[in-house]
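Use the sequences and the hints to build the structure in full.
Chains as they are written, first to last, in the working numbering: chain A, 85 to 348; chain B, 17 to 505.
Please keep in mind that the hints were generated in silico from the structure rather than gathered at the bench. Hints are all accurate, no fakes.
Derived list of chain B stretches under chain A, where covered just means 3 residues or more per stretch with a C-beta under 8 Å from a C-beta of chain A:
(1) 233–243
(2) 262–271
(3) 280–292
(4) 340–351
(5) 374–382
These figures come from a predicted structure and were not determined experimentally. Backbone N, C-alpha and C fix where the C-beta goes; we use that ideal spot for every residue, glycine too.
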Amino acid sequence: MVKDIVTYPTPPSAEYSTDVRVFDENLFALIDDLKDTIEANGLEALTAFQIKNHFNVVVVKKSDGSFLELINPRLISTKGKITTREKTAYFPGLSAEVTRYDKISVIYQDRDGNDLSLKAEGDFSILLQRKIDYTFGSSFLNKLSKEEKANFELQLEYGAEAATAQTCPTTFKRDYFKKGVMAITVAMILLFIASFFVESSLWMTQVYLYLAALVVNVGYFFYGYYEGKKYSSCTSCQIGNIIGTFVISLVKASVVLGVSYFFM
Amino acid sequence: MARVVVLGGGVSGHTAATFLQDWIGSNHEVVVVTPNSKWNWIPSNIWVGVGQMTKEDVTFDLAPVYEKVGIIYHQAKALGIHPEGDKKSDKPYVVVESTKEGSVGETENIEYDYLINATGPKLNFGATPGLGEGTNLGEHTVSVCTADHAEHASHELHKMIEAMKAGERKKFLIGTGHGMCTCQGAAFEYIFNIEHELRKAGVRDMADMKWISNESFLGDFGVGGLHMKSMGFAVSSKIFAESLFTERNVDWIIGAHVNKVESGKAHYELLDGTKGEEEFDFSMLIPPFAGVGLKAIAKDGKDITDTLFAPNGFLKVDANYGAGAYENWKASDWPSTYQNPTYSNIFACGIAFAPPHPISKPMKSPAGTPIGPTPPRTGMPSGIMGKTVAHSITDLITKGADAPLHKASMAEMGAACVASAGKGLFNGTAAAMTIYPVVPDFEKYPGTGRDTDYTFGEIGLAGHWIKHILHHLFMHKAQLRMGWTLIPE
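Here it is, written out as structure tokens:
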């Protein structure tokens, strides 16, 4: 059956590269779907991942029209480097300069589970490497040089981040609290400097500012903890991180208060 | 009064013994038999191996710690288990041979009511010709498996650094020294710590660094790889590892079984059948692990080692050893109580229990050589197992033989791993990874077999700080200092 090919900006699933363990009708059906989809779209090769299947399967259409089926492929040895301009079905109409190995050796299994290996070079080697990357959930984005990646990103409507499986936000509301504490700490520093030019004692104001920083910081802690629970897969939401930020902010404000105590 | 004998005083055995003493020690006897006089926080050996810590930083004397809490300590190595006693008595016992200065070689029988086998592995250097003889490290390579080995490694490494400063180019080969190794993580940490030290010493451009491993893809780590979060992206550990190796300019050979080591040269066979050799000036190759070679003897004197132990020398526990081929492997094959099926008063934890099968996909070369990581049992799962077994034995003693056993299966257990990639307060880095569960459960989590919400990883300075804090935390805990019971495994 012809399946839809996952294309940018649909993020690839975070579930991928599961080795095939059972060689049965389900696997054969998956291989048939891959072949049908290759034929229907006039492609050279496809991985199961590109049609939303998590198994580690690659099907390549050879020049004579027959198909090469690679189950659980692994890239074992490599030789030489080669840079070419590549296209992939995930980024329709786009291409990028990618550096890959020239000669490779791949081990894989056939549909009966027999262990096999093959050697490849040139275009075939490049194709296999691109496909094996997909079985591990990566498009060629991860293989681009810094400059090439920057160029490539310009062509992408939604940026490169859309092309990677995202489960963690990059901005958090709790950061407003952090900025608040920061602003108060800066105000405390300014007040401390001001105290050298002003006659009246500013010490009590400094204490109130410190208390305000403390309250906002406690707010940060509890809100951060609440927010973090919503994103369990996100390392920057771990409680350790929140405690760390809480302590750092508190220490900064306390240092300013301590210095103020002696000089104000 | 019951007596619990713990064989081995590593992470798992020490955890089990100290908790047992804490829970039932006032009324019962806890005995630890370990050939080492010192306890070693093994994960920090990596830092000893590059000269960033001393042997004293990562070890402490066991005797005073055990004396403080009342654990009976025998500095001896276990030779055999007599689970049915002998002709004279039905009381089971273990035969131990002293390794203590002054009484080396003297044997003694220690009777037990409950036995915990937590001997850890035998470092089987002898499995690869040239890597060593038996459990002894050979002359061509170094090791970071023990604190003494690590000290020697550091010494050799600094000789290399001096030579490079004098203008000589040097080749480094780090990885696994056999097709059936585990502990890729330790070698991974070591190669990146060396790389970091070489950069600090200003000689990185004089070194060619290469990784050699039995993994079928970079980033397998013996757990079939994992999907981790890094820099805001969800990536496979393969992509993560490859980018780290490329960034640090470390080349790699994977799917390799090192079959012979000579002076300055390692010979290997790859999964695709090709053979090759790699030259080196400095090499650290992890040896494969085996059971320590305990014997089991029945009441009538018959050798029943096969009944108690699996062929690799690890103790059989409540695992399904008949799972067969890869496609039949299930998470439920993994043990949860660590009780021996034949003798219910014997338990095994840590590396000493026999796993039902590997976690990574088993593979072999066309010549039939098995090449693939065996399952790792790192500190965190080992500690949890030790505590679980201690819980079970406490209940068996205090509540009676019918008390239900406590369970902790590696298929329901997460593990945190912090792999150091360079030590330094401000320029250190470490990759912090968490996986859940350690053993993939394909029935519960179709697809990867893991809960991707709880499997993540990140690399950076924070990871290094965590690793450093863990060092002090676990040294503190193992020395049973104030509040030790509150520190998790």
